[in-house]
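A.B. asks: In the order they appear, the protein sequences are chains B and H. At position 216 of the first sequence (counting the first as 1) the number is 502 in my numbering, and the numbers step up by one without a gap. At position 31 of the second sequence (counting the first as 1) the number is 317 in my numbering, and the numbers step up by one without a gap.
Calculated from the structure, these hints are not laboratory results. One or more of the hints may lead you astray.
[What the hints assert, rightly or not] As a list, the in silico DSS-like pairs of lysine-lysine whose alpha-carbon atoms are at most 25 Å apart:
1. K430/B / K480/B
2. K479/B / K333/H
3. K374/H / K352/B
4. K394/B / K480/B
2 protein chains.
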Amino acid sequence: MRYDFYYWPGIQGRGEFVRLALEDAGVSYDDVCRGRGGTEAMFRLMKANAANKTPPFAPPFLKAGKLTVSHVAAILHWLAPRHGLAPKSDAARLWLHQLQLTITDFAKEIHDTHHPVGSSYYYEDQKPEALRFADQFRNERAPKYFGYLEGVTEASGGPYVTGRRLSYVDLSVFQLIAGLRYAFPRAMKGIEKKAPRLVAIHDRVSERPNIKAYLASPRRIDFNENGIFRRYPELDV
Amino acid sequence: MRYDFYYWPGIQGRGEFVRLALEDAGVSYDDVCRGRGGTEAMFRLMKANAANKTPPFAPPFLKAGKLTVSHVAAILHWLAPRHGLAPKSDAARLWLHQLQLTITDFAKEIHDTHHPVGSSYYYEDQKPEALRFADQFRNERAPKYFGYLEGVTEASGGPYVTGRRLSYVDLSVFQLIAGLRYAFPRAMKGIEKKAPRLVAIHDRVSERPNIKAYLASPRRIDFNENGIFRRYPELDV
Chain B
287 MRYDFYYWPG
297 IQGRGEFVRL
307 ALEDAGVSYD
317 DVCRGRGGTE
327 AMFRLMKANA
337 ANKTPPFAPP
347 FLKAGKLTVS
357 HVAAILHWLA
367 PRHGLAPKSD
377 AARLWLHQLQ
387 LTITDFAKEI
397 HDTHHPVGSS
407 YYYEDQKPEA
417 LRFADQFRNE
427 RAPKYFGYLE
437 GVTEASGGPY
447 VTGRRLSYVD
457 LSVFQLIAGL
467 RYAFPRAMKG
477 IEKKAPRLVA
487 IHDRVSERPN
497 IKAYLASPRR
507 IDFNENGIFR
517 RYPELDV
Chain H
287 MRYDFYYWPG
297 IQGRGEFVRL
307 ALEDAGVSYD
317 DVCRGRGGTE
327 AMFRLMKANA
337 ANKTPPFAPP
347 FLKAGKLTVS
357 HVAAILHWLA
367 PRHGLAPKSD
377 AARLWLHQLQ
387 LTITDFAKEI
397 HDTHHPVGSS
407 YYYEDQKPEA
417 LRFADQFRNE
427 RAPKYFGYLE
437 GVTEASGGPY
447 VTGRRLSYVD
457 LSVFQLIAGL
467 RYAFPRAMKG
477 IEKKAPRLVA
487 IHDRVSERPN
497 IKAYLASPRR
507 IDFNENGIFR
517 RYPELDV
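Given these sequences and hints, build the entire structure.
C.D. replies: Written out as structure tokens, the structure reads:
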């Protein structure tokens, strides 16, 4: 099966959680919007009509033959079992899906550190609100999410989040830590101390051959100030 | 199968999307936190430990025997096929799940109209930000989400969102319209005009015998200013 992946070109964004799974699985995929005419094609696929009855509300989405799947957690829930990144039992897969949905909520809050009042306004037009939101994020929300994932990893016996075998959730943990180190280098020093199991997962994932090759390739877009994880030093004090 | 449902007592909140499915299905369930000691039990279940390896990050969650399922969309994805509220094919179920995940994002934005800077601060301490967020919500975001769901319903041929048969997504559409009519009565007058198919779904759902009985019962908590849908007239100008 060949995959067409649709997401904004130029940023890692939410799409990166999917890219990491595709890359780790060694799957062949086309990152469509990074090619000519890709973004226009993406917008066409988001229009409902008689010939397109299951349009995504927003990117990222994945096309596999006639099937279109949108929403990061749903994409991973569908994709991972096909490529060895999820366990066999339905109950175990449902549990992974719940963890990924929690990571989705976490990612949304990370995004909101620079855009609390909404995506339609520039960061520069919501800076005082962002300072307040980020303060709460660094001191309460990020430690709460990390504490939860660390606790789950401890309860499973580790070394991965759900136990002895790596799943797509571990790839997402890698991305959370890599991204927050970029965006909040100062705050992360303290936060990481309380999440040693997650930091170990980050390190293991970064050493996986396919991930290592991906990170060194031009396919991995650098972190930048258009994505979810943005380095605005004033938010990291 | 008997279900134990956990959610904050005293509000409809995100839990209501699940309650509506349980009620429409005529399923026996215990709304645990509305009974003595329920909320304490809920907090215990959210702690990871060797005896509780799949703790929810947050309510709502549903317990069915040994299985715990959290996140509204995941609960409905798991629950609905067991009670005739989802179609048979995997592809059709996956599509419903994507729609519900979009509704999840919509509900989060509805919540953020009164809490843009975060749940840790009172509404009264983020009023100027809420005014700005709500303005964008009424004029751009709500019409965009409704336009999307209306377009999907039109493309499916209706009368329900995905076609001829009602699914749990239609129950959620009912709740979105009922809730937004409560919170933004003024703005909804204009928004509804462009979503006649969704309004018709709202009306059909409200006439279903089990839903009708539920809405008239004390089990249906009234809308109030602690939930997702809050009537703050200053946000609806």
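A.B. asks: Checking one constraint from the list: CA of K394/B to CA of K480/B, max 25 Å. Satisfied?
C.D. replies: 22 Å, holds
A.B. asks: For the pair we were handed, K479/B and K333/H, check the Cα-Cα distance against 25 Å.
C.D. replies: 20 Å, holds
A.B. asks: Hint check: K374/H vs K352/B, CA-CA at most 25 Å. Holds or violated?
C.D. replies: 18 Å, holds
A.B. asks: Does the structure keep K430/B and K480/B at a Cα separation of 25 Å or less?
C.D. replies: 11 Å, holds
Violated hints are absent here; each numbered hint is respected by the structure.
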